[in-house]
Amino acid sequence: MEYSYTNTDLLEFPQKYQMTPFEGREFLSSYEKTRQRILDKIKNNQTVNSLSYTLKLLQKQFLIDIKSDQKIFVTSNQLSSILLRLQHQKETQQETKFIMALLKKFEIKKRIFSEYDHELKENSTDFKILTNYILLAAICAKKFQDNGNPKFLNTLLKLNDTICSQIDSINDVNNLSLIYYIINLELEYIRDLIRKIL
Amino acid sequence: MSTGIILTPDVRSKAYIQKILHHQIHFEYIIFMNDNRTEKKYSEDIIKLSKNHGFDISQSVMNTLLKNNLDFKEFSFVDINNPILIKYLQSLDTKFFIFTGGGILKHDILSSGVKFIHLHSGITPYYRGSSCFYYSILNANYAGVTAFIMDKNLDTGPVLFQKKFQKPNHKYLDDVFDPYIRAETLVELLKNKTNPFTESIKQNPLDGETYYIIHPVLKHIAILSCITND
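Protein chains in written order, with the working numbering: chain X, 1 to 198; chain A, 199 to 428.
Everything labelled a hint here was simulated from the structure, so no lab data went into it. Where hints are given, some of them may not hold.
In silico BS3-like links for lysine-lysine, alpha-carbon gap of 25 angstroms or less [as the list claims (entries may be wrong)]:
hint, chain 1, residue 1, chain 2, residue 2
1, A, Lys350, X, Lys16
2, A, Lys369, X, Lys196
3, X, Lys110, A, Lys304
4, A, Lys350, X, Lys105
5, A, Lys361, A, Lys350
6, X, Lys110, A, Lys361
7, X, Lys151, X, Lys109
8, A, Lys369, X, Lys33
9, X, Lys151, X, Lys16
10, A, Lys361, X, Lys151
11, A, Lys249, A, Lys265
12, X, Lys121, A, Lys369
13, X, Lys151, A, Lys369
14, X, Lys121, A, Lys350
15, X, Lys104, A, Lys304
Label-pair restraints from in silico Cβ distances [claimed, not checked]:
hint, chain 1, residue 1, chain 2, residue 2, range
16, X, Glu23, A, Lys391, 36 to 44 angstroms
17, A, Ser241, X, Gln46, 27 to 35 angstroms
18, A, Gly252, X, Gln145, 22 to 30 angstroms
19, A, Ile347, X, Asn149, 47 to 55 angstroms
Computed footprint of chain X on chain A; a stretch qualifies when at least three of its residues, placed anywhere within it, have a C-beta under 8 angstroms from a C-beta of chain X [to be verified]:
hint, stretch
20, 327-338
21, 409-418
Virtual Cβ for every residue (Gly too), placed ideally from N, Cα, C.
Construct the entire structure; sequences and hints are all you get.
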């Protein structure tokens, strides 16, 4: 059996996940194998940086102060800032609102745009910046770790499907290190859930 | 209280109309939005299981209506916001209709004076949105249904009745369990209350949680939990 949800370019052809068929326990094994193959591929092709080092690089790259009266958001700046803050403390109310709104946008359109206005309306037509999907996935992983709400695990799985469908086009070491980290976390959460429930 | 039902050609409507007939519940008006889509074929296993749950999934809505000599008004579209449907509903003396599907209610139908009762398979405000029975099984090992009067937001209307169900011991959650729990709740709402739509509890739209379509990995874990632990 093949885990087919990462076979097509999910940025070009988004997966709606409506009425997906039940394929038995083997489906979960094929999902795990497919994710593990991605992890092996990353590890075999390059040195994976530690999470703390990756976040340090992220901080340097996106060291931008997010102002509360900002009219236009550059998505990657906003997401990096939230991810960095989440490592040590809770996000602000405004940041929670932004995460929940962006999560909803992704769940509906399966795309994240490079810029939004203060009402979270798209301010760009570019939805192909993979860093945005990776950063939101890292935030979802952290949120699930903190509150156990399956809503975040659900979006994490879909974001990781999208990222895995693009894996051959990703060369940036920082992005690959973050992907390695979030897929490992996702697998850990799913294995935990299976142990608890089944 | 005068009540109508708007049916659509799907499993949910099959369960609703067959359960209603079985319990001899009368509707003043039956409306059937029918786009003549091809009927899905089901395996013998699912048909048998649906019968054990009080409805026959292999019987189309049209068959049931005709076989039981029920009066109904048919429209050739499946769209709850269609102006032809809105005009027709406004001409009737019934103001409460059971909703089975046909899209999200838009402004025109919401302001038409007609009230729609939806059977949502999740206990609100904790489970709003999509695939809620799967999340509820994962989180709390049960499923539930909320009957509410629809408003402009998602699953936030005044609550009429709620009922919890044990998770099933089979794998056909979309085709059998979901329509079954909704139909059971509908029957209980209509049978056990003299004025089922007058007493309601207001919801705070800011409370609770809204879920989105479940990922197949989580869906598999939820289904496997139903057939592994029995």
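Verification of the hints:
no. : hint                                    : verdict
1   : A:Lys350 - X:Lys16                      : holds, 24 angstroms
2   : A:Lys369 - X:Lys196                     : holds, 19 angstroms
3   : X:Lys110 - A:Lys304                     : holds, 24 angstroms
4   : A:Lys350 - X:Lys105                     : holds, 19 angstroms
5   : A:Lys361 - A:Lys350                     : holds, 23 angstroms
6   : X:Lys110 - A:Lys361                     : violated, 33 angstroms
7   : X:Lys151 - X:Lys109                     : holds, 16 angstroms
8   : A:Lys369 - X:Lys33                      : holds, 24 angstroms
9   : X:Lys151 - X:Lys16                      : holds, 16 angstroms
10  : A:Lys361 - X:Lys151                     : holds, 23 angstroms
11  : A:Lys249 - A:Lys265                     : holds, 17 angstroms
12  : X:Lys121 - A:Lys369                     : violated, 40 angstroms
13  : X:Lys151 - A:Lys369                     : holds, 22 angstroms
14  : X:Lys121 - A:Lys350                     : holds, 20 angstroms
15  : X:Lys104 - A:Lys304                     : holds, 20 angstroms
16  : X:Glu23 - A:Lys391: 36 to 44 angstroms  : holds, 42 angstroms
17  : A:Ser241 - X:Gln46: 27 to 35 angstroms  : violated, 48 angstroms
18  : A:Gly252 - X:Gln145: 22 to 30 angstroms : violated, 43 angstroms
19  : A:Ile347 - X:Asn149: 47 to 55 angstroms : violated, 28 angstroms
20  : 327-338                                 : holds (count 3)
21  : 409-418                                 : holds (count 10)
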